[in-house]
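*Asks:* Using full-length UniProt numbering, the first residue of the sequence shown is number 1, and each one after it goes up by one.
Simulated from the structure, these hints should not be mistaken for lab results. Just so it is clear, the structure is predicted and the values come from calculations on it, not from any experiment. It is possible that some hints are incorrect.
[Claimed, not checked] Just the calculated beta-carbon pair ranges, DEER-fashion: (1) G69 - A410: 24 to 30 angstroms; (2) G69 - G367: 24 to 30 angstroms; (3) G367 - D427: 14 to 20 angstroms.
[Said to hold, decoys possible] In silico DSSO-like cross-links for lysine-lysine, where the CA-CA straight-line distance does not exceed 30 angstroms: (4) K70 - K440; (5) K41 - K60; (6) K458 - K60; (7) K168 - K458; (8) K41 - K70; (9) K70 - K60; (10) K264 - K70.
Here a beta-carbon is modelled for each residue, glycine too, at the ideal position from N, C-alpha and C.
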Amino acid sequence: MGQAHAADAVHGKSLYLNGPPSGGAACARCHSASPAANVSKILSAADNPAAISAAIAANKGGMGNIYAGKLSAVDLADLAAFIGNPDVIAAPVASLNPSSLTFSGTVLGQTSSSLSATLANTGSGALNIDTIGVTGAAAADFSVAGGTCAPGGAVAAGADCTVLVSFKPGTAGVRSATLAVAHNGTGGTSSVALSGTGSASPQATIGVSATSVNFGALATNVASAPQSITVSNSGQTALTLSAITLAGANGATFTLGGDCAVNKPLANGASCALTVRAQPTANGAFSGNLNLVSNAANGNVTIGLAGSGASAAAAASATPSVLAFGSQTIGAAGATQNVTLTNTGNVALTFSSIAVNGSSAISVAPGTHCGTALAPGATCSVPLVFAATAEGAVAATLVASFNGGSVQVAVSGAGTTAAVAKPTLSDAGPIGFGEIQVGKSAAPHTTVLRNPGTAALKIATLVIDGANSGDFVLGGSCAVNGTLSPAGSCTIDTSFKPGAPGARSANLLLVTDGGTQFSLPLTGTGTAIAAAPALTLAPQSFDFGASTGSKRFTLSNAGTAAINLSAANFSGPFARVTDASGCPALPFALQPGASCDLVIGYTPATAGASNGSVVLQADGGGSWTIALAGQAAATPANAPQPQNQGGGGCSSVRGGSDPMLALLALMAAAVLFWRRRKPAQS
């Protein structure tokens with residue numbers, strides 16, 4: 001498991017200069033105001049919390065008398081970070097998520113339900129909010145509808161606030177704007193793209209739980225487990241699917257199932273499920289598309305399908321990878337924690353043995369666990385029990401053997417006769433939030449931390465980490481450095497706010513000062529309102545005139561979903577010109593926010609005006625047209641070649657009556673007359 005805490009040098013600076021909040025002298029008293037002076041070789045602890053911990057344990061320089069029991073593992077990490085970076089300055093870092101909010105089709109003049117964006121301060125200084133507003137061409141159709149962020153307010157380091165936005169279209173069609181929050185963080189402004197569709201009459205709005213599905217590495221010639229895609233209608237009238245088709249380079253690799261059907265109306269607020277299986281026949285990547293054509297106001301939907309064929313391979317992982325029970329009272333009832341096993345391979349797993357090696361005080365709870373075949377991607381839980389029987393630390397290893405290998409988890413605990421805390425959680429397994437629209441938040445789930453032990457406990461770590469930690473929100477009354485007295489309790493609230501469609505996962509990690517560690521998997525699925533195709537063309541028309549050169553036309557995806565361009569149909573004396581810096585060869589997918597240049601040439605075969613076009617087509621029925629024109633210059637069929645006509649090549653006329661000839665003859669006669677008279681004058 002990776003390090004759960006990101007060391008905070010600014011907090012470490014406060015500890016160094018002021019001492020622990022629970023009391024004790026400041027480090028600066030003995031080591032000077034800055035660690036850079038290296039008084040008593042303090043720089044040996046730079047980014048090395050273990051060195052500080054060892055010095056306290058050894059009571060070096062009396063440090064044990066001053067700091068023993070007053071600095072948590074988090075405090076030590078932060079203090080070591082400051083010693084390694086004594087010039088640290090508190091500064092805010094802003095992030096506004098998700099990057100886009102898409103509203104469902106809304107009747108003109110009506111106001112949609114609000115969507116939420118979260119402004120988080122991941123820096124170390126206060127984030128001051130200057131203004132919150134909506135800008136852009138259709139700004140009047142969107143409005144800030146509330147939330148906890150406020151102009152003139154501040155967001156503390158590590159905290160966040162929300163901005164609610166609503167959509168009230170005044171014009172039919174796709175409407176776009178931008179939510180902008182100005183602040184004192186890096187960049188000065190954070191923004192979220194806003195889009196929605198205004199409809200003149202009640203219309204259906206299609207939403208999907210995923211805009212793409214990746215099957216991962218599948219065993220060849222073996223059908224995958226079905227991947228489910230929820231299709232929902234958030235519009236004001238029934239949604240009817242007129243086509244559900246598979247297409248693309250490897251469309252035959254996939255098969256469809258589920259209860260969605262063509263011409264089966266889906267009432268507003270209702271949903272149905274599509275399932276897709278993949279069965280590759282060869283090693284290597286495969287891809288395709290699932291196309292949904294409907295009467296939805298926000299257009300048709302294309303869902304990308306991908307994966308790869310590979311040789312069969314069994315694999316598994318365990319969460320957590322290290323399990324700590326902490327100190328437990330000798331003879332007391334055993335403490336229980338769960339380990340989640342996940343099939344990360346491409347074939348079903350069968351566990352042949354699940355056992356604990358090492359201390360007999362740690363064992364698998366009675367019963368059958370993970371006893372059935374585990375499909376790829378599926379999980380099961382193994383409960384472990386620690387019943388302390390003697391004083392001192394104990395260690396063991398959970399070994400789960402399966403076809404092809406095994407997965408191991410290190411387990412630790414300690415027995416004691418002293419009074420100890422006994423942290424317990426009301427949840428023992430994964431917390432699932434189901435399907436939530438991107439930008440919206442699930443209802444919070446409350447987990448209760450109790451201490452039925454005989455001593456107080458302190459929360460050393462309480463974080464959400466993992467692959468999609470940013471999609472989950474942590475709250476409640478439990479807090480880092482908070483103390484829970486015997487018989488006391490506090491709450492941990494978790495919620496799901498997906499920033500992207502598809503399956504999302506993370507872990508809730510709780511560690512106490514007694515060494516007990518809990519890890520609860522968090523799961524949810526983000527659903528997306530399908531965005532209408534938003535391909536922009538620049539320019540949308542062009543007249544080549546008499547030029548027979550080429551012109552670059554920029555294609556840009558201003559939407560929130562990929563546009564799969566499948567064909568370009570030309571008419572007239574116009575054709576695509578191959579250009580290494582231009583758009584890829586068709587078909588290709590243009591991702592949201594991306595652009596490329598389509599290069600078109602004009603090659604007229606006859607003189608006169610030329611008219612034509614290029615029609616770009618996309619999977620799902622979208623099409624866009626560029627109007628083209630030109631004017632080929634006329635060339636006479638029997639144009640005479642230039643000739644050297646006239647007396648000496650200086651003539652400017654061709655008919656033989658050039659007046660220059662007479663002038664030359666007159667000049668010649670004058671010269672002859674002058675020569676004849678010259679002897680008579682001598």
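*Asks:* Next, verify each hint and record whether it holds.
*Replies:* Structure-based check of each hint:
Roughly 26 angstroms separates the CB atoms of G69 and A410, a value that falls within the hinted 24 to 30 angstroms. In this structure the supplied range 24 to 30 angstroms is violated for G69 paired with G367, their Cβ-Cβ distance being about 39 angstroms. In this structure, G367 and D427 meet the distance hint of 14 to 20 angstroms, their C-beta atoms being roughly 19 angstroms apart. At most 30 angstroms may separate the alpha-carbon atoms for a hinted pair to count; K70 and K440 exceed this at roughly 41 angstroms.
About 12 angstroms separates the Cα atoms of K41 and K60, which keeps this hinted pair within 30 angstroms; it holds. Our distance criterion of 30 angstroms between C-alpha atoms is met by K458 and K60, whose separation comes to about 25 angstroms. The straight-line distance between the Cα atoms of K168 and K458 is roughly 49 angstroms, outside the 30 angstroms bound, and the hint therefore fails. Proposed proximity of K41 and K70 is supported: the alpha carbons are some 22 angstroms apart, at most 30 angstroms.
Between K70 and K60, the direct Cα distance comes to roughly 16 angstroms. Compliance with the 30 angstroms bound is thereby established for this hinted pair. Between K264 and K70 the CA atoms are separated by roughly 66 angstroms; this puts the pair beyond 30 angstroms, and the hint is violated.
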